[in-house]
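K.L.:
Numbering (our numbering), first residue to last: -11 to 277.
These are calculated hints, taken from the structure and not from any lab test.
Source: prediction; values computed, not measured.
Fair warning: there could be bad hints in the mix.
[To be verified] Derived EDC-like pairs (lysine to aspartate or glutamate); straight-line CA-CA distance at most 16 Å:
#1 K256 / E221
#2 K22 / D249
#3 K256 / D223
#4 K277 / E257
#5 K22 / E252
#6 K276 / E257
#7 K192 / E16
#8 K192 / D249
#9 K203 / D242
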Amino acid sequence: MEHWIIDNEPALRLGFFIGIFLLMATLEMLSPRKRNFLKPKNSNINSHGVSQNNTESIRGFRWFNNLSLSFSASILMRLILPLGLVGFSLYCQEVGLGLFNLDFFNQINSIFIFIFSLILFDCIIYWQHRIFHYVPFLWRLHKVHHSDQAFDVTTGIRFHPLEILLSIGIKFLVVLIFGLTAESIIAFEVILNGLALFNHSNFKIPLTVDYYLRKFIVTPDMHRVHHSQIPTETDSNFGFNISLWDRLFGSYQDQPSLGHDGIEIGLKEYKDTEQPKKLSNLLLMPFKK
């Protein structure tokens, strides 16, 4: 079973991604949490809060841009790092690199190491996210993600290819230091990608369900606060998977100050501009003042 998972890693990850993406996109259409994030100028809004003009075309451009960024990042990773994290993990295991590849850890239950690896990876991703907000050059890359003026499932894959490259580099370093297993890496990547699609989605979860769910994982309502234009809210709720880290490290904010109906998504510097709406601008955004 383990060999099958490793041998079929690309297909496995792609299958989970497509399945979860389609599920979230369908739920957004059937039961949206917030309607009409993007209001075209001079548009007419009907009684249901839906634009009668070109809101759909704007959504189409966003989806194209966000999916294109994700595709570009995937191509870049394959060109620069053809071995991949899983291949690197297998190499480290073969030559005995990393903490968990020491003889001492052979005596510890593999399930414990597997679970610990998932938690460790998630904590590191939390701190990586915080650092990308506070280091100016890294923020230039990460603000491509935050420049999205709407919040839906495609926002979860809207990252500049160079940010993805740096993130993968950090993961390589973690694998090298700790000797994480290929199985734990595949599991974490599937969970991370799936929950990123989930907690960026715009489907309505009953408030009672959200209240209990966010005690364990990051929910869409919790993460939407992080995409607010208000700086103190942008610098909160950094977690992607486990909600514990924000509570533990003092970055948790329960609700947006303007409420979920009044929250403005994106960055103020790009409000009412066309820059975040063109793929070429998104790719060049980190290099512009």
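K.L.:
Decide, hint by hint, whether the structure agrees.
P.N.:
Outcome of the hint check:
| no. | hint | result |
| --- | --- | --- |
| 1 | K256 / E221 | holds (13 Å) |
| 2 | K22 / D249 | holds (7 Å) |
| 3 | K256 / D223 | holds (14 Å) |
| 4 | K277 / E257 | holds (11 Å) |
| 5 | K22 / E252 | holds (11 Å) |
| 6 | K276 / E257 | holds (13 Å) |
| 7 | K192 / E16 | holds (8 Å) |
| 8 | K192 / D249 | holds (12 Å) |
| 9 | K203 / D242 | holds (11 Å) |
Violated hints are absent here; each numbered hint is respected by the structure.
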